[in-house]
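Engineer: Residues per chain, in single letters:
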Amino acid sequence: MTNPTANTELMTEVLRSAAEGVLNPIEPESRPLEAAGEAMRDLLDRRVAGKLCLVP
Amino acid sequence: MVTRMRAVVCRELGPPESVTLVERDLPELADDRVRVRVGAAGVNYVDGLFVQGRYQIRPELPFVPGSELAGTVIEVGGAVTGWAPGDRAMASVGLGAFAGEIDLHPAQLTAVPDNLTDTQAATLGQSYATAWFSLTRRTQVHPGEWILVLGAAGGVGLATLDVARALELNTIAAASGPDKLELCIRRGAHEVIDYVTDDLKSRVRELTGGGADIAVDPVGGGHTQAALRSLGDFGRLLVIGFASGDIPDIPTNQVLLRNRSVLGVDWGSGP
Chain A
36 MTNPTANTEL MTEVLRSAAE GVLNPIEPES RPLEAAGEAM RDLLDRRVAG
86 KLCLVP
Chain B
83 MVTRMRAVVC RELGPPESVT LVERDLPELA DDRVRVRVGA AGVNYVDGLF
133 VQGRYQIRPE LPFVPGSELA GTVIEVGGAV TGWAPGDRAM ASVGLGAFAG
183 EIDLHPAQLT AVPDNLTDTQ AATLGQSYAT AWFSLTRRTQ VHPGEWILVL
233 GAAGGVGLAT LDVARALELN TIAAASGPDK LELCIRRGAH EVIDYVTDDL
283 KSRVRELTGG GADIAVDPVG GGHTQAALRS LGDFGRLLVI GFASGDIPDI
333 PTNQVLLRNR SVLGVDWGSG P
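Residue numbers (the working numbering), protein chains in the order written: chain A, 36 to 91; chain B, 83 to 353.
In isolation and in its complexed conformation, chain A is listed as follows:
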């Protein structure tokens, strides 16, 4: 992050577009916190279609 202001500006544009419905982010697959290791492994091995998140 060499230029925090520019990065904040970029994220502001992304979030405004998402709030306006111009962007439509995918609902990711959820796994429990216990599955963190396996989730990182699956991602490194490119076995995941779509996005992945952990729900504590």
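No wet-lab data here; the hints were simulated from the structure. A few of these clues could be false.
Calculated cross-link-like contacts (lysine to any residue; reagent style SDA-like; alpha-carbon spacing at most 25 angstroms) [claimed, not checked]: (1) B:K283 - B:D328; (2) B:K283 - B:R247; (3) B:K283 - A:A84; (4) B:K283 - B:L263; (5) B:K283 - A:R81; (6) B:K283 - B:V337.
Fair warning: this is a prediction, and the values are worked out from it, not measured in the lab.
Given the structure of chain A, go ahead and fit chain B onto it with the hints provided.
Structural biologist: Below, chain B alone, put in the same frame as chain A:
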């Protein structure tokens, strides 16, 4: 008041499966921090690299992995203004997100738009920032141009498809296998290419009537050259990453031909 928290801990660098889930006391909240209950933490390629010790930065051990999250503010330090318990917040943090709670500096927090779930917000930052930076800062795109997205079913790939659709581009999603391609179609890809069974270059040329205008490559390896060769006049190849683990060589005669450009995308260090 919550007094104990759960967190995923990496005690030594190694395979991702070596991390453990621990429960520990929550420290007292510092005056200049905001405590967020994590609703969801996005899992990114970079998290696994941290744990394996393959990232440029090697964090001090032990550490809690997890680079982005969304959740709800549960406590606010005495010196903090602008945030209150109950507010929804998201953050890109580098480390620490794979936990029940996290203490953050208010400057790290961004409000979550009402129409996004925690799970969506937690998986949006890194991928959409990369895609948005690519298509609005590193190159100029025009409605109706053809964009080829490699690794299209991955995090950056899907975000790029969404941003490209919003910018009114024609999209070709390349991925391996029917499941991933089906996901790309559901996510609005106009055309799909299975790079296991199709010849990438000739298929792109055929679909676009001469060559793609933009190719986005978060994968690297053998597909990069095919993507470069699939570009038409003034085509741009955006180099985003090397998920395949293989950093490819680029023949510069293929850049010279048809006045193509190869552009690096490192959004964290620009513009």
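Engineer: Would you pick out the hints that fail for this structure and give their numbers low to high?
Structural biologist: Hint check: nothing fails, all pass.
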